[in-house]
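A.B. asks: Input sequences plus hints: build the corresponding full structure.
Keeping their order, the protein sequence lines are chains Y and D.
Quick note on numbering: this note's numbering labels position 97 of the first sequence as 86, and the sequence is numbered without any gaps.
So this note's numbering is basically just the index in the second sequence, starting at one, shifted up by 1.
There may be inaccurate statements among the hints.
Claimed, not checked - Pairs of lysine to any residue residues, derived as SDA-like cross-links and limited to a Cα-Cα distance of at most 20 Å, are as follows: (1) Lys98/Y / Gln91/D; (2) Lys98/Y / Leu5/Y; (3) Lys98/Y / Phe55/D.
Hints listed in this document are in silico derivations from the structure and should not be mistaken for laboratory results.
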Amino acid sequence: MKAPGYLSVVAVVAALALVPFVTSSNVILNFLVIALLIALVGQGWNVLGGYGGQYSFGHAAFFGTGAYTTAVLQVQYGINAWPGFAIGIAAGALVGAVIGFLSFRSGLKGSYFALVTLAFAEVLRIVASVAPITGAGVGTLIRLDVRFEAFQFQSRAIFYWIILALVALSLVIVRMIENSRFGARLVAVRENEDAARALGVDVMATKLGAMTISAAITAAGGCFYAQYYLFLDAGIAYGPWISVEALLAPIIGGVGTIYGPLLGALVVKTLGEAAKHVTGTAPGLDLIIYGAVLVLVVGFAPRGVAGLLERLWPRRSRAPARAEEGKSRD
Amino acid sequence: MTEPLLGVHNVSKRFGGLLAVSEASLSVESGRITGLIGPNGAGKTTLFAIISGFLSPSDGRVVYRGRDITALPPHRLAREGIARTFQVVQPFAGLTVRENIAVGAHLHIAGRRAALAAAERTGEEVGLGSVLDRPAGGLTVAGRKRLELARALATRPSLLLLDEVLAGLTPSEIRDIVPVIRAIRDRGVTILMIEHVMQAVMSLSDHVFVLSEGRIIAEGKPAAIASDPKVIEAYLGHGAAQRYAGGAAHAH
Ligand SMILES: Nc1ncnc2c1ncn2[C@@H]1O[C@H](COP(=O)(O)OP(=O)(O)OP(=O)(O)O)[C@@H](O)[C@H]1O
Ligand SMILES: [Mg+2]
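C.D. replies: In C-alpha cells:
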C-alpha cells in the first residue's frame, strides 16, 4: 500500500536547506531563489492542471494579484508586509475561486478553459496598467527598508530559506492532497468526469476547490516576488511570462507528480543560464530554449523529467506510474 | 403491496426531431432484479441516463423512495443510493483498478487508507482480485465490465443500474459473472439491468420490461415475456411471431 510519502519531502527540503552553508555566492543563491520561485508558482499550476486536468494559461492572474496586494497594501495603505503577504495569498485564492466559478459553471473545458483564463489574466494586466492604485504605467516601488519587520533582508540566504519554506509547504499540501479523498476525486475528474459524477463526485465543487488552492499557492509566489524585487509593473505581475513559467515547469518536470514543478524549474532555469553563457543575452533566446525543450519533452518524455527518472531507476511501487504510461491523454 | 423503490412515470426524451423515449413508465420493486430489454436504439440507455440524473427528461417524473428526483444531478443521486454502470465503459484509465474502485468507496469513506481497503474487498468480490494493481486502461473487455460493476458497487448503492454488463463477454465469462450479480441481489441491493444476452437476463430477472422505439410494450415474468408475440415482433420484425410459432410447431 502507498506510504504517505512525507519522508522524501523532508529529505529534499533538508538537502536544499543546506545550500547556503555550501556556497555564499550571490549568483548561485539568486539563481536558486528564482528557480524555487518558479517551482512554487508551477506547483500551484500543477494542483489544478496536473492533478485536476484543467490546463490554465492564466496563472498570472493569481501571481499578479498576490504581488500587487502585498505591494499596494504597503505603499498605499502603510500595512505591514507580513500581514500583507497573507492577505495577498487570500486575495489570489479569491480571484481563483471567482474565475473558477465563472468558467466551470459555464462548463468550459480544455482549450476553452485555457483561453478564458488567459483572457482574465490579460484583463487584469490591462486594468493594472491604467489603474492609479497600482502606479499605472510607472509601476509600484516598495520603499527599501531592510528590516525583518518589513520582510526585507540583506542576506540572500534568508530570502532563499523563505522561498524554500514556501516550496516545502506547497510540497506538503500536495502530498496531503495525494493522500486524501479530495485528491482521489480530483484525479477522477481529470480522468473521466462522467464516471466521477456517477460515483458521487461533485465535479464543480472539486474543480473549484482545486482552483482555489492552486491560485493561493501561485499567489504566494507573487507575494514573494514583490518583497524580493521591491518593484512591480503590470507586465511583470500579470504578464503572460509568468503564466508560461507556471505551466512549463510542471510540464517539463512531470505533470501531476509532486516533484515535477521543482525538477522542471531547475532544468528550465539551468538551461536558460547555460544558454546565456554560451550566446550572451540575445533577447528572446530563453523563449526559443523553452520552446525547444518543450518539444523534446512532449515528444520523448511525455511524463516529464520525473517520468524519465522513474524509467531509469524503476522503484518497487511502480504500479501507478506504469498506469500513466498506458494512458493516452486527450 | 409496498411502494416500489423506483418509479418512472410517463417519461419522454426528445433529441431534436427524434423521440428516443416516449411516455415510458416502469417500476422497480425492492430486493429484486428487474430486467429492461429491447432492440438496439430502443431508448434503454437514454432512460438510464434520465434515471441517474445525466439527462433531464423532456416530460415525466422519476420517483425514488417516494420522492421526486427528476431534477437531481448524478452526484446527489449517488449519495441517495443510486449507482450506474456505463454501456460504453468509462474507466479512469490512468489509475490502477484499486484506485478506480476507491473513488466509488470514497462516497461513504473519507479516509484514503480505508477507502483503498474497501476497494480491495469489492474488487475481490467481483473477481478483480488478481489485477488490483494493474492500470485500468490495460484491462480486457471482461475486466473493464467488472470494473464498472465494482466501482458502482463500492458506493454501497440501494439501487444498481447495470447497462449491458454482459455485452462483449464470452459465454464462459458470462457464466462467471452471473452468480456475482445474483449475489449482489441476495445481499439486498435492488438491480435494474439492461441486457441483450437473453438467456442471462431471463434467468436472472424476477420481472422484465420491454422497451421498443421508446415505448414500454410489455412487462411481466421472464417466461411470459419470452413468448409474448408483441415482444417477438419487436425483435424480429412484423409477422415474426407467427413465423416463429409456425417454426416451433414444425420442430415438434
Ligand atoms: N445524446 C443524443 N443525441 C441524439 N440522439 C441520441 C442521443 N443519445 C441517444 N440518441 C438516440 O436515441 C435513440 C435511443 O438510443 P439509446 O442509446 O437510448 O438506445 P439503446 O436502447 O440503449 O440501444 P442499444 O441497445 O444499442 O444500446 C437512438 O436512436 C440514439 O441514436
Ligand atoms: Mg444502450
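A.B. asks: Hints first: check each against the structure and report whether it holds.
C.D. replies: Outcome of the hint check:
Taking the CA atoms of lysine 98/Y and glutamine 91/D, the gap is about 18 Å. The hint holds against a cut of 20 Å. A C-alpha spacing of about 37 Å is found between lysine 98/Y and leucine 5/Y, which places the hinted pair above 20 Å, so the restraint is violated. The suggested pairing of lysine 98/Y with phenylalanine 55/D holds, with an alpha-carbon distance near 18 Å, which does not exceed 20 Å.
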